[in-house]
Amino acid sequence: MDDREIMDALLARDETALAALDARCGRLCRAIARNILGSDEDAEECVNDTWLRVWESIPPAEPPSLAAYAGMITRRIAISRWRARNAERRRAAVTPIDELDELLPGGDEVSARLETAELTAAVNAFLDTLDRDARVMFVRRYWHLEPIAAIAARMDLRAGTVRVRLHRVRRKLREYLERRNLL
Amino acid sequence: MKENKLADAIGGIDVRFIEEAEATAPSKRRSPRPRVLLAAALIAAALIAAALIAAAVCIVGFTAASRFYFAPGVGLIDDDSIAAPQVWACYDEITLGGAKIDAVVLSEGDEGYNLTVWVWRGEEVEQDPEQAMQGIPPKELSEFDVLIDGVACRRGNSHLSSSGFSSYTYKNVPFTAAPTLRDSEGNTTTVQLKAINETQYGYLRGIRIAPDVGLSLVPVSGTENVFAGELVDPRSAEIGTGSRNTYAYGSFLVTCDDGTVAKAFGDIPIQNTETIQNTAIEITKAGYGKGVTAIAPYRLNIIHTYDIHTEGHPRVTVTVPAKGEGYACNEILLDAGGIVCRLTRVDYGENGLQFTVETENNTGSPLISSIQGYIHQSYSMGPTDYTYLNGENNSHEIWPRNVTYNRETGTLEYMVKGVDSMTDGLWVTEEAKSGDKLVVILDRLSYNYTPENVGDPRDPQAFFGTITLK
Numbered sequence: 001m002d003d004r005e006i007m008d009a010l011l012a013r014d015e016t017a018l019a020a021l022d023a024r025c026g027r028l029c030r031a032i033a034r035n036i037l038g039s040d041e042d043a044e045e046c047v048n049d050t051w052l053r054v055w056e057s058i059p060p061a062e063p064p065s066l067a068a069y070a071g072m073i074t075r076r077i078a079i080s081r082w083r084a085r086n087a088e089r090r091r092a093a094v095t096p097i098d099e100l101d102e103l104l105p106g107g108d109e110v111s112a113r114l115e116t117a118e119l120t121a122a123v124n125a126f127l128d129t130l131d132r133d134a135r136v137m138f139v140r141r142y143w144h145l146e147p148i149a150a151i152a153a154r155m156d157l158r159a160g161t162v163r164v165r166l167h168r169v170r171r172k173l174r175e176y177l178e179r180r181n182l183l
Numbered sequence: 001m002k003e004n005k006l007a008d009a010i011g012g013i014d015v016r017f018i019e020e021a022e023a024t025a026p027s028k029r030r031s032p033r034p035r036v037l038l039a040a041a042l043i044a045a046a047l048i049a050a051a052l053i054a055a056a057v058c059i060v061g062f063t064a065a066s067r068f069y070f071a072p073g074v075g076l077i078d079d080d081s082i083a084a085p086q087v088w089a090c091y092d093e094i095t096l097g098g099a100k101i102d103a104v105v106l107s108e109g110d111e112g113y114n115l116t117v118w119v120w121r122g123e124e125v126e127q128d129p130e131q132a133m134q135g136i137p138p139k140e141l142s143e144f145d146v147l148i149d150g151v152a153c154r155r156g157n158s159h160l161s162s163s164g165f166s167s168y169t170y171k172n173v174p175f176t177a178a179p180t181l182r183d184s185e186g187n188t189t190t191v192q193l194k195a196i197n198e199t200q201y202g203y204l205r206g207i208r209i210a211p212d213v214g215l216s217l218v219p220v221s222g223t224e225n226v227f228a229g230e231l232v233d234p235r236s237a238e239i240g241t242g243s244r245n246t247y248a249y250g251s252f253l254v255t256c257d258d259g260t261v262a263k264a265f266g267d268i269p270i271q272n273t274e275t276i277q278n279t280a281i282e283i284t285k286a287g288y289g290k291g292v293t294a295i296a297p298y299r300l301n302i303i304h305t306y307d308i309h310t311e312g313h314p315r316v317t318v319t320v321p322a323k324g325e326g327y328a329c330n331e332i333l334l335d336a337g338g339i340v341c342r343l344t345r346v347d348y349g350e351n352g353l354q355f356t357v358e359t360e361n362n363t364g365s366p367l368i369s370s371i372q373g374y375i376h377q378s379y380s381m382g383p384t385d386y387t388y389l390n391g392e393n394n395s396h397e398i399w400p401r402n403v404t405y406n407r408e409t410g411t412l413e414y415m416v417k418g419v420d421s422m423t424d425g426l427w428v429t430e431e432a433k434s435g436d437k438l439v440v441i442l443d444r445l446s447y448n449y450t451p452e453n454v455g456d457p458r459d460p461q462a463f464f465g466t467i468t469l470k
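Residue numbers (the numbering used here), protein chains in the order written: chain B, 1 to 183; chain Z, 1 to 470.
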């Protein structure tokens, strides 16, 4: 089934859509979940929850891209689980979420005055200002939550180069958001 | 466990970005290159910030007087201060190839006329993903030529937004009432412009932010809630001398025709400065699909970013003190437009270098509610010959203190732990050494026009005024 056929099946409440969804988007969603949770078992649970959310939300939702939609749900579930798990223990490793938390402090005041939609619009506009490589690095790191080493391998770059370029992109993003009084 | 919305916000980014990243397939590794030290050391640096505040109290009057014109490339026009230029416009919906053009406006400029074309690019999301991955823009994003008497004009600034609109500005063109637009595929259409005035277009209105500062907004689409705006701020021309970039950013509340209130925000070009980057912007997604009856700005933030290589921009050389020691100094980092930023102290504490900057607001404008200066770059003159500030690691939000009205002196402190340098993938932290020479410049200056007590933007007292559109 292609995206359209899967969508039609979901809209018709045809449960075969779920198997097709897994075949179509499972690899992406498992990778995202594994990137942030670090465990195949946790990732599998996360992906199963994703299919349930997709089933519950379509209809009425009719996303333009199933993979992006499913990936977004997986990402949200995985981050939520990661935060819950790590609230109880200290970690040594730096994850993409740590990097984002550092970029945008999570104080009550800041969080309260920001609307996610407004922030998303600003991030979209910011991504449009980046060159393609930088944009791909950013998305793979902070949307796919991919390890630095994997991004470096994908883009044929050294890990250090990716780390530095991401560092600069985060700095630019911070400045960009500051200019808009979003930080 | 703290949470922030940035991770959530990134989760909702446009599908095209995700598809682009997905299309980047894993590649084979190149054979290992010799390990080379990239640059010796990066540097130290510092930031600072400064700030102050003011008490500025009153909302200096506002007006929705019909005397104000919006003129792309010119700004807010006030009959009382300068002669209003004539404006010609076409607000009919025009189709050119696959693009929908919502407005074409011609206005008098300093050395000719300025022509701005607003283009709807909302169909971009339906772009062929394969073409997008190959970097082929959709038709809605294609470049435009303007032909006047058959001669193509040089395009000036363009502004692409996430809200679906793009604007293209052609500066200093000859007069025409019938410009021809030509897209990159060779499609052409000739637009008939009509002279307009405030009696014909009552919505061409502006608002006075301060005695010499004005903001104008105008709808550029009859069907979408998109507004172009320009801010006239003569002070900015003085402060912006030597800067490489100037931004103005506004936050607004809009009143929708069903009575609900929505937030809007957008970049605003500044007139009267050589550093202008854009000549038109839109207040994005105002009203969230509903009709908009009024717009009220409640915060205007202006930022000048300085070019470290610009001659004449003040540079201050400081000597790194011994650990635990410091010294007072009095070095001017900026003195322009009534705003002074001064480096007053250098300390080397346990956490690293600490710079103290004081800012003064002598502009006389009661509505400049805060000023922040940032030292963002510093050069090492010691054994390390290339440096730059690791601004992100060192950026701390610091608020002004010791505030007094109309001569605001604030102190901002910025801690620099050491020198972060990268050598072929390895991060090295290097302490600044006593006796090292650092050249410090002001990298950024921002100031806010914000009425007092803007904590709740829904408080009517928080606004400069309201621009009524209908």
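Worth double-checking, as some hints may not be accurate.
[Stated by the list, open to error] With a Cα cut of at most 25 Å, we get these calculated DMTMM-like pairs of lysine to aspartate or glutamate: (1) LYS323/Z / ASP347/Z; (2) LYS172/B / GLU20/Z; (3) LYS172/B / ASP128/B; (4) LYS172/B / ASP131/B; (5) LYS437/Z / ASP335/Z; (6) LYS194/Z / GLU238/Z; (7) LYS172/B / ASP156/B; (8) LYS172/B / GLU19/Z; (9) LYS323/Z / ASP145/Z; (10) LYS100/Z / ASP128/B; (11) LYS172/B / ASP436/Z; (12) LYS263/Z / GLU19/Z; (13) LYS433/Z / GLU325/Z; (14) LYS263/Z / GLU178/B; (15) LYS263/Z / ASP131/B; (16) LYS194/Z / ASP92/Z; (17) LYS263/Z / ASP128/B; (18) LYS194/Z / ASP149/Z; (19) LYS433/Z / GLU331/Z; (20) LYS194/Z / ASP335/Z; (21) LYS433/Z / ASP347/Z; (22) LYS172/B / ASP133/B; (23) LYS172/B / GLU62/B; (24) LYS263/Z / ASP133/B.
[Claimed, not checked] The calculated label-pair distances, taken between Cβ atoms and stated as ranges, are: (25) ASN48/B / SER184/Z: 23 to 29 Å; (26) LEU52/B / ASP258/Z: 34 to 40 Å; (27) ASP335/Z / ASP128/B: 49 to 55 Å; (28) LEU11/B / THR188/Z: 39 to 45 Å; (29) LYS194/Z / ASP98/B: 54 to 60 Å; (30) THR95/Z / ALA149/B: 57 to 63 Å; (31) PRO60/B / ASN362/Z: 54 to 60 Å; (32) GLN192/Z / ALA12/B: 34 to 40 Å; (33) ASP335/Z / ALA149/B: 31 to 37 Å; (34) ALA195/Z / ARG13/B: 47 to 53 Å.
Since the hints were derived computationally from the structure, they do not count as laboratory data.
We put the beta carbon where it would ideally sit given N, CA and C, even for glycine.
> Would you say the C-beta atoms of LYS194/Z and ASP98/B sit inside 54 to 60 Å of each other?
Replying inline: 58 Å, holds
> Is 39 to 45 Å a correct range for the gap between the Cβ atoms of LEU11/B and THR188/Z?
Replying inline: 43 Å, holds
> Is 54 to 60 Å a correct range for the gap between the Cβ atoms of PRO60/B and ASN362/Z?
Replying inline: 58 Å, holds
> Is the Cα-Cα distance between LYS194/Z and ASP149/Z 25 Å or less?
Replying inline: 18 Å, holds
> For the pair ASN48/B and SER184/Z, does the Cβ-Cβ distance stay inside 23 to 29 Å?
Replying inline: Once the Cβ atoms are compared, 48 Å apart, the range 23 to 29 Å for SER184/Z and ASN48/B is violated.
> Quick one, are LYS172/B and GLU20/Z close enough, alpha carbons at most 25 Å?
Replying inline: 21 Å, holds
> Is the straight-line distance between the alpha-carbon of LYS433/Z and that of ASP347/Z 25 Å or less?
Replying inline: 13 Å, holds
> Within a Cα-Cα threshold of 25 Å, do LYS172/B and GLU19/Z meet the stated pairing?
Replying inline: Holds, because 23 Å separates the two Cα atoms, which is no more than 25 Å.
>> LYS194/Z and ASP335/Z were given as a pair; does the straight-line alpha-carbon distance stay at or below 25 Å?
In response: 45 Å, violated
> Do the Cβ positions of ASP335/Z and ALA149/B conform to the proposed distance bound of 31 to 37 Å?
Replying inline: 49 Å Cβ-Cβ, so the 31 to 37 Å window is violated.
>> For a C-alpha distance cap of 25 Å, please report whether LYS263/Z and ASP131/B respect it.
In response: Distance of about 30 Å is beyond 25 Å: violated.
> Are LYS172/B and ASP436/Z close enough, with their CA atoms no more than 25 Å apart?
Replying inline: Not satisfied, since the Cα-Cα distance of roughly 28 Å exceeds 25 Å.
Hint check: violations occur at hints 6, 9, 11, 12, 15, 20, 23, 24, 25, 27, 30, 32, 33 and 34; the rest are consistent with the structure.
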